[in-house]
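Colleague: For reference, the chains in residue letters:
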Amino acid sequence: MSEFNKTTIIVFSGDLDKALASFIIGTGAAAMGKEVTMFFTFWGLNILRKEQYVHIDKPFLDKMFGKMMPRDPEKLGLSKMNMGGMGAKLMKKVMKEKNISSLKELIELARELDIKLVACTMSMDALGLHKEELIDGLEFAGVAHYLSEANESNINLFI
Amino acid sequence: MSEFNKTTIIVFSGDLDKALASFIIGTGAAAMGKEVTMFFTFWGLNILRKEQYVHIDKPFLDKMFGKMMPRDPEKLGLSKMNMGGMGAKLMKKVMKEKNISSLKELIELARELDIKLVACTMSMDALGLHKEELIDGLEFAGVAHYLSEANESNINLFI
Amino acid sequence: MSEFNKTTIIVFSGDLDKALASFIIGTGAAAMGKEVTMFFTFWGLNILRKEQYVHIDKPFLDKMFGKMMPRDPEKLGLSKMNMGGMGAKLMKKVMKEKNISSLKELIELARELDIKLVACTMSMDALGLHKEELIDGLEFAGVAHYLSEANESNINLFI
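Residue numbers (my numbering), protein chains in the order written: chain Z, 1117 to 1275; chain U, 1117 to 1275; chain D, 1117 to 1275.
Keep in mind that the hints are not guaranteed to be accurate.
The list cannot tell twin chains apart, which means a pair is met if one copy fits it or any two copies do.
Within a straight-line C-alpha distance of at most 16 Å, the following computed EDC-like cross-link-like pairs (lysine to aspartate or glutamate) qualify [what the hints assert, rightly or not]:
(1) Lys1174 / Glu1249
(2) Lys1174 / Glu1151
(3) Lys1209 / Asp1178
(4) Lys1214 / Asp1178
(5) Lys1212 / Asp1178
(6) Lys1179 / Glu1248
Hints were generated in silico from the structure; no laboratory data involved.
Computed from a prediction, not measured in an experiment: that's the story for all the values here.
In isolation and in its complexed conformation, chain Z is listed as follows:
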């Protein structure tokens, strides 16, 4: 099995709690010495958006999607008990008090551990997101790339 021991995670969700779970699993696997690919698709792309607004001329619908979706990890909500963002704030406060890494710290750690962060180009197209709007150091690829990584992985998750 030595040639099939990668870990590949599809990050479909843009919820804070699921993003945290994705990065905790991903960085944990990388720390164990596994080659890890995280493939961000649909709402998961919002985790990778730059905090600052990037001006790009876009068609109307693309602009609309862009406005409605959260920009930057600090703005993500919880999948449950979000209560207009209060739940997410509470969760972050509790995590900080208990010295649990924040999402931003986990993303940083993922880079340091050489996790491949791949943005799904088809989803970028559908949601009208451009490379310039996403954080630096990403790879850009489609489902065929995901599948070839997944095919060499023994841990495959869809989150």
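We have chain Z already, so just place chains U and D on it with the hints.
Modeller: Chains U and D in isolation, oriented as in the chain Z frame:
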């Protein structure tokens, strides 16, 4: 590993965005030459409902579930930002403009690529859905069938 | 592959329908002779909470989370069509009429089949849940334990 290279996807969600992701991954894997099984359970069964109403005498609760759940891929909502169906409409409009395949086209493609579309019989029972209400060409089986396929797969996802 | 044939399920969701799916798959795999680990994290921990209230002195935020989250399988809602709990009640009624096992029965069956039920300690910390508040017979571990089990599994799911 040659005998363990199938791809098996549990489609639990009946959301348009997750259904799209399921079929994009499934058809991608099949196009790469993998044997693919998609196992539809709970809300995922709604993706397989026929567009036209099929009259069947059912107990009251079954009828109620049947009425409340969306019939046919065109009626599915998004898992996020659905806004009473407007989000789903927007998404479909954007995808059409950008020549991304619709869910209906992906289901058609899945059939052409000989993907096994399996409806979970226990979920059909729980939700009161009958074979006649689902599209043609499906297989019907339970969790034991799913597990035997998953056991021969190196890509297993729950969506 | 004989040494890589475990089944490992991350139960992230605390929704009744997803909890049911997790246990149906888990007990099915165990019945087929597979070694099964179910790793409960975030909202999934609520599935394991004791029905009766356990008094523990907690910081304010922990107490608040504890109050807002459902205690005991009977209180879980559906991920879709929950309608303030009515959907969950309907689902349970329908399942009972059709002799489909309830979540409580499935948890009992999971124990009988020697499925390892593991509570994620980091999530317990984040949500302020204590061992005394969870049902008996659990193991307590972190992501490293999950990953070592997942690494020996050919069926890995995130639910």
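Colleague: Enumerate the violated hints, using their earlier numbering and listing them in ascending order.
Modeller: 2
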